[in-house]
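Asker: As they're listed, the protein sequences go chains S and W.
Using our numbering, the first residue of the first sequence is number 3, and each one after it goes up by one.
Using our numbering, the first residue of the second sequence is number 12, and each one after it goes up by one.
These are calculated hints, taken from the structure and not from any lab test.
One should not assume that every hint holds.
Taking beta-carbon pairs under 8 Å as the criterion, some of the chain W residues facing chain S (in silico) [said to hold, decoys possible]:
1. 49
2. 52
3. 59
4. 115
In silico lysine to aspartate or glutamate, DMTMM-like type, Cα no more than 25 Å apart, as pairs [as the list claims (entries may be wrong)]:
5. 98/S - 107/W
6. 5/S - 73/W
7. 5/S - 96/W
8. 5/S - 114/W
Just so it is clear, CB atoms sit at the ideal spot from N, CA and C, and this is done for glycine as well.
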Amino acid sequence: AQKVTQAQTEISVVEKEDVTLDCVYETRDTTYYLFWYKQPPSGELVFLIRRNSFDEQNEISGRYSWNFQKSTSSFNFTITASQVVDSAVYFCALSKLIQGAQKLVFGQGTRLTINP
Amino acid sequence: DAGVTQSPTHLIKTRGQQVTLRCSPKSGHDTVSWYQQALGQGPQFIFQYYEEEERQRGNFPDRFSGHQFPNYSSELNVNALLLGDSALYLCASSLDSGRFLYEQFFGPGTRLTVL
Numbered sequence: 003a004q005k006v007t008q009a010q011t012e013i014s015v016v017e018k019e020d021v022t023l024d025c026v027y028e029t030r031d032t033t034y035y036l037f038w039y040k041q042p043p044s045g046e047l048v049f050l051i052r053r054n055s056f057d058e059q060n061e062i063s064g065r066y067s068w069n070f071q072k073s074t075s076s077f078n079f080t081i082t083a084s085q086v087v088d089s090a091v092y093f094c095a096l097s098k099l100i101q102g103a104q105k106l107v108f109g110q111g112t113r114l115t116i117n118p
Numbered sequence: 012d013a014g015v016t017q018s019p020t021h022l023i024k025t026r027g028q029q030v031t032l033r034c035s036p037k038s039g040h041d042t043v044s045w046y047q048q049a050l051g052q053g054p055q056f057i058f059q060y061y062e063e064e065e066r067q068r069g070n071f072p073d074r075f076s077g078h079q080f081p082n083y084s085s086e087l088n089v090n091a092l093l094l095g096d097s098a099l100y101l102c103a104s105s106l107d108s109g110r111f112l113y114e115q116f117f118g119p120g121t122r123l124t125v126l
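Please build the complete structure, drawing on both the sequences and the hints.
Answerer: If you want it as structure tokens, here you go:
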């Protein structure tokens, strides 16, 4: 069975601080995909990144960076120099292809509040 | 380029009633998935439709059913509503490519309240 754990329920920081959101996953599959989504108060999930299990290179996109470590089954997300607009709920998700079909398994989410 | 759209935005029903939610996928996408998100929780996969057929299903009872139309739009039907069905229902679309997994794009959701 697949499982995603986001142990941090809520995080609150002051603007311009760096913040890291943790994600730990469980799967028996050798081929799988990891995702991060952002959910602002409007409710719509916004795609941030996709990673496949064979690509352990860290990725940086502007103020966002992701650290994927298969050895610890973790896929952590760091926001550098946080801004108030980063306030949202962030979800880590795990997926694999089953006969062409994809099912996302989400963590419980981390509510991030950036205070001015 | 229109993203994923869902209707209605909000819905209030009473226990025992039936409800139909609608979703139009992002242009160029042919696969639609439905998720249920209870308050304070992560989304839970309900099912996925491709080529007008349900090809994968999560752990939801038969009261939850769906349909996909030739234009790739989709409906989610829930019969005999229970209080516990109150949630945000999210539709996601993606492109099926067989062996490669593309990201799913989500709509704004339909907030269902069952009284």
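Asker: Compare the structure with each hint and give your call.
Answerer: Tested hints:
Taking 8 Å as the C-beta contact cut-off toward chain S, the hint placing residue 49/W at the interface is violated, the least distance being around 11 Å. Interface hint at residue 52/W: satisfied, since its Cβ lies 6 Å from the closest Cβ of chain S, which is below the 8 Å cut-off. Checking residue 59/W against chain S: minimum C-beta separation of about 5 Å stays under 8 Å; hint holds. For the restraint placing residue 115/W at the interface with chain S, the shortest Cβ-Cβ distance is roughly 6 Å, inside the 8 Å limit, so the hint holds.
For the hint pairing residue 98/S with residue 107/W, the CA-to-CA distance comes to about 13 Å; that is within 25 Å, so the pair holds. Under the criterion of a C-alpha separation no larger than 25 Å, the hint pairing residue 5/S with residue 73/W is consistent with the structure, at around 24 Å. Taken as a hint, the residue 5/S and residue 96/W pair is honoured in the structure, with Cα atoms around 23 Å apart against an allowance of 25 Å. Simply put, residue 5/S and residue 114/W have alpha-carbon atoms about 19 Å apart, close enough for the 25 Å limit, and the pair holds.
Hint compliance for this structure: hint 1 alone is broken.
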